[in-house]
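**Student:** Could you use the hints to bring the two separately framed chains together as a complex?
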Amino acid sequence: MILSIDSSGLVASVALMEEQSLIAEYTVNNKMTHSQTLLPMIDEIFRLTGMDKGAVDAIAIAAGPGSFTGLRIGTATAKGLGLALDVPLIRVPTVDALAYNLYGTTGLVCPLMDARRSQVYTGLYRSKGDDFKVVRPQCVVGIGDIISCVNEINEPVIFLGDGLPVNRTYIDENITTAYFYAPAHLGRQRAGAVGALALRYADDDSYPGVRRESAADFVPEYLRLSQAEREMLEKEAGAKKG
Amino acid sequence: MLGIETSCDETAAAVVKNGREVLSNIISSQIDIHKLYGGVVPEIASRKHTEIINQVITEALDTAGVGLDDLSGVAVTYGPGLVGALLVGVAEAKAICWARDIPLVGVHHISGHISANYIENAELEPPFLCLVVSGGHSHIVRVTDYGKYEILARTRDDAAGEAFDKVARVIELGYPGGPKIDKLAREGDPDAVPFPKAKVNGADLDFSFSGVKTAVLNYVNAYRMKDVPYSKADIAASFQNAVVSVLTEHTMEAAKRCGIDRIALAGGVASNSALRASFEKACSANGYRLFRPSPVLCTDNGAMIACAGYYEFMAGVRHGWDLNAVPNLKLG
Chain A
44 MILSIDSSGL VASVALMEEQ SLIAEYTVNN KMTHSQTLLP MIDEIFRLTG MDKGAVDAIA
104 IAAGPGSFTG LRIGTATAKG LGLALDVPLI RVPTVDALAY NLYGTTGLVC PLMDARRSQV
164 YTGLYRSKGD DFKVVRPQCV VGIGDIISCV NEINEPVIFL GDGLPVNRTY IDENITTAYF
224 YAPAHLGRQR AGAVGALALR YADDDSYPGV RRESAADFVP EYLRLSQAER EMLEKEAGAK
284 KG
Chain B
7 MLGIETSCDE TAAAVVKNGR EVLSNIISSQ IDIHKLYGGV VPEIASRKHT EIINQVITEA
67 LDTAGVGLDD LSGVAVTYGP GLVGALLVGV AEAKAICWAR DIPLVGVHHI SGHISANYIE
127 NAELEPPFLC LVVSGGHSHI VRVTDYGKYE ILARTRDDAA GEAFDKVARV IELGYPGGPK
187 IDKLAREGDP DAVPFPKAKV NGADLDFSFS GVKTAVLNYV NAYRMKDVPY SKADIAASFQ
247 NAVVSVLTEH TMEAAKRCGI DRIALAGGVA SNSALRASFE KACSANGYRL FRPSPVLCTD
307 NGAMIACAGY YEFMAGVRHG WDLNAVPNLK LG
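Residue numbers (my numbering), protein chains in the order written: chain A, 44 to 285; chain B, 7 to 338.
Careful: at least some of the hints might be erroneous.
Stated by the list, open to error - Below, computed lysine-lysine pairings styled on DSBU-like, alpha-carbon distance capped at 35 Å:
#	chain 1	residue 1	chain 2	residue 2
1	B	K41	B	K238
2	B	K172	B	K287
3	B	K238	B	K287
4	B	K203	B	K189
5	B	K232	A	K278
6	B	K287	B	K41
7	B	K336	A	K74
8	B	K41	B	K189
9	A	K74	A	K96
10	B	K232	A	K284
11	B	K189	B	K205
12	B	K205	B	K287
13	B	K172	A	K283
14	B	K238	B	K205
15	B	K205	B	K172
16	B	K205	B	K232
17	B	K238	A	K278
18	A	K278	B	K41
19	B	K172	A	K278
20	B	K287	B	K23
21	B	K23	A	K96
22	B	K336	B	K203
23	B	K205	B	K41
24	B	K336	B	K172
25	A	K284	B	K41
26	A	K283	B	K41
27	B	K232	A	K283
28	B	K232	B	K172
29	A	K284	B	K172
30	B	K238	B	K186
31	A	K283	B	K238
32	B	K262	B	K336
33	A	K283	B	K186
34	B	K172	B	K41
35	B	K186	B	K205
36	B	K262	B	K189
37	B	K232	B	K203
38	B	K172	B	K154
39	A	K278	B	K186
40	B	K189	A	K278
For the record, the hints were derived by calculation from the structure and aren't laboratory data.
As the structure is a computational prediction, the values presented were derived from the model and not from experiment.
Next up, chain B with everything else stripped away, as it sits in the complex (with noise of 0.2 Å):
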């Protein structure tokens, strides 16, 4: 299977047999592009995508020793996203497979994202919970069966990766604000300052991050009119410790009341190292099992969405040449 990844700012392509070896993953990112500019820009990474969409694809096949012939199916993700930077791969994956009679499988970004999770563990079979937890999206997520899911909890506001970028806006690291910020957290104190932990009323597993990325601003300026100086990494900590506390606490809470003793990570927040740490902590104080894909796996890649769309052409699925670009496409 060949799978194609143009949602955001990462052009990739990848081949991965029988769902979960994989043979070849190319990432060419744009983040240098987009760094310039503060964050991901949709027009250019549009552009960029079909500049190198191409040279992606056939160095993913040539990586992997396969020809088109060889491919059972080309997998593709067709939301959510970046509507134009979405429509550059789907475009370009419905004339691959036309033109050489092969099976097209439309894929859900966050089924990949939660897929990686099969590539690095053999054992791994649903029915597990998945906390994903990425620029975008801040779930956590009962997985019933492949490419089944049913979300448990949702942000109501930001996404975790969203309130990390505009944390690090505030307190002047730059974008992406995710690895800066976990960084910066090593060498500052996770207590030094005790921001809120959002609870949502009536919905006790949901999330909002926008309260706190409010108290770290309001924080920040209050010393800055002062001209009093603060320290960023104790902020960058705090927040941290916050954000991934909250997560932990959640999908403790979420796993408990399911039952499942499974869980997974998934996203680009997934390789934060104060969450992976939370994460191995309470899972092991709880006796849960922990999985979680390496940082290449976390990141936006090809070879999740070939994962993913191995066990959906398993399950049948198709999709005809009319198959569009959906942003706002719901998991589920």
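Just chain A, with the same shape it has in the complex (with noise of 0.2 Å):
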């Protein structure tokens, strides 16, 4: 039995899935403080299911992107379980999970979560037949990069995340390929999707991005330095110019 846990974004959701099946699944997209809710939901799958904690295999989790808290709450909730619960981390990144909610889907899928400062965590992924394929991995960038992209490769795609609404108008008066927007029920981060690529690529080397991990090992992949750092460098850098 694997437990997921995505906390990446606005959205706090954990799963229970066994083998195929998914058990159980709790998504709360209500501006909630991650930190007051992601147990209390993990206890209450399992106190809904009767499911017994011993029973849990590996800990799933979306690795990043995302919000440095929101990461963090997630990661160190997964690194305390992995611990205690003697288990291994299975890390999925953020991107991937979430464009994995439209797996199947004709064309090409770009997941765009709102990274602030006018730049989005995004990538870009295709479904063929039973195959699911990075076309470009996950990455943070502006709007106006990937919208390029996807402009260039000149396919269909469907767009989905929570830097839907910031980006709307951008894309609306910049793409030229047919495009469309995910339903609500698929457009924000699900653990159940983090949980279902753990499930397929854990032990698979064909899709390096998915893999176990010992819980003390494991951090998160911010895909970001920290404003001190990213200001040293540049001082650095100018320095040597100068």
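**Tutor:** If you want it as structure tokens, here you go:
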């Protein structure tokens, strides 16, 4: 049994999965503090399903990118569970999991997560037959960058994610391919998708983004340095030039 | 009791038996990283806690020779401190407790610092008076019972440790300022420069350290403008003397007013050698008994959190799975 967690954005989501079946999923998109909701949600799904904590084989976690604080609440929760239950973690890239909501869609899938500072956490994905392929790995870029990439590939594309509201106007005005927006029930992070990707690829080297790691060694993938580190690098670069 | 502490730049965990017997006390300091930035960078601190927390907890359990099933409870600092840093310890502690059905006890960071005095002083019991001095706090606290506090005085602006850090920056000693000033001050004359010892109108036990910090800045700037050399050691010694004598005088006055003859020191600045010497002298002159933790227990550590958590646990305190980090948590 896998317990999966996604607290990378505004949504807090946890799910219990067994082989090919989703036993329970609890998703809250209500601007509540993950610190106060995440563990009570986990407690709740175990209580309601009557499942045994001891039967958990691994903790799948949306490993970033995302809100730094959200990622850390999820990470520390997963690491604590991994330590106490003596199970490994399964790293799942956040944007990949978001794209996996739309597994089986014809054309490209383009998740957009609001990364503030006029950027998005995004990537491009394609389903072909039973195959799920990363076309452009998750990254943090300006909306213009990813839209020109989509225009260049020139295939129908479906967008989803909490970066949509801020960037919708830009997309409508600049995109040159056929495009769609995901419906509400598929448009945000879901722990079910994190767990499904984990179950499918944790032991499959063909998808290196998803892999098992020890709870002790696991760290999230922020895709961004802290502001202090960025400023120091800029200063050093400036000093070299000057 | 397992104690977990991640409120600032130390990732710490410890196992303490019956509140006073330290079985392990593991501290992983990030200071070398933050030195590069001249102070603690909250985002970096939070990231580092996340990287190392499981190793620190595992080492604390292994060193103590206990497993999770041997624990009566897990105590974790939930405030005050850097919110991102606190959240790592809180989420980790909650997850461990939930997974193994262990009682969870949230602890106030300052209650931890005060409780560090219990660890090495078997005979110390409330009531007593405690001066809490660190980078974030300068309080005179009356400890009326285990976990019960009454704040008699506080700082109106900078904490004592903050003033040390800022003055160290002014005279270019680097970070962390406290130990560096302490060391340099030994070579200087504490009476060389009469820096002000501020009083707060209407609350004569309270502290104010921004005035002395500004006085140091003005003093140094005046010399720099004239391009005249000045003695950093004399400035360090005189500044330290101004701060230490105010801390000592106010604490002695508070003890006199409360009729308490047992005084304890707590917090990172409690390892300052001049502060210790000054308190030893004043306590001995007044016939007070002085308690102070050894330096390793003055710094942020898990043992003090386990100790404070033990007494909270014995008083019946339990926290739920919705425990949150509270960056400005009040004491008492």
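**Student:** Does each hint hold? Answer for all of them.
**Tutor:** Going down the list of hints, with the structure as the test:
no. : hint            : verdict
1   : K41/B / K238/B  : holds, 20 Å
2   : K172/B / K287/B : holds, 28 Å
3   : K238/B / K287/B : holds, 26 Å
4   : K203/B / K189/B : holds, 22 Å
5   : K232/B / K278/A : holds, 30 Å
6   : K287/B / K41/B  : holds, 34 Å
7   : K336/B / K74/A  : holds, 26 Å
8   : K41/B / K189/B  : holds, 17 Å
9   : K74/A / K96/A   : holds, 28 Å
10  : K232/B / K284/A : holds, 34 Å
11  : K189/B / K205/B : holds, 27 Å
12  : K205/B / K287/B : holds, 22 Å
13  : K172/B / K283/A : holds, 29 Å
14  : K238/B / K205/B : holds, 26 Å
15  : K205/B / K172/B : holds, 20 Å
16  : K205/B / K232/B : holds, 31 Å
17  : K238/B / K278/A : holds, 29 Å
18  : K278/A / K41/B  : holds, 17 Å
19  : K172/B / K278/A : holds, 23 Å
20  : K287/B / K23/B  : holds, 34 Å
21  : K23/B / K96/A   : holds, 28 Å
22  : K336/B / K203/B : holds, 27 Å
23  : K205/B / K41/B  : holds, 33 Å
24  : K336/B / K172/B : holds, 25 Å
25  : K284/A / K41/B  : holds, 25 Å
26  : K283/A / K41/B  : holds, 22 Å
27  : K232/B / K283/A : holds, 33 Å
28  : K232/B / K172/B : holds, 23 Å
29  : K284/A / K172/B : holds, 31 Å
30  : K238/B / K186/B : holds, 11 Å
31  : K283/A / K238/B : holds, 32 Å
32  : K262/B / K336/B : holds, 26 Å
33  : K283/A / K186/B : holds, 31 Å
34  : K172/B / K41/B  : holds, 14 Å
35  : K186/B / K205/B : holds, 26 Å
36  : K262/B / K189/B : holds, 32 Å
37  : K232/B / K203/B : holds, 26 Å
38  : K172/B / K154/B : holds, 32 Å
39  : K278/A / K186/B : holds, 27 Å
40  : K189/B / K278/A : holds, 31 Å
Of the numbered hints given earlier, the model fails none.
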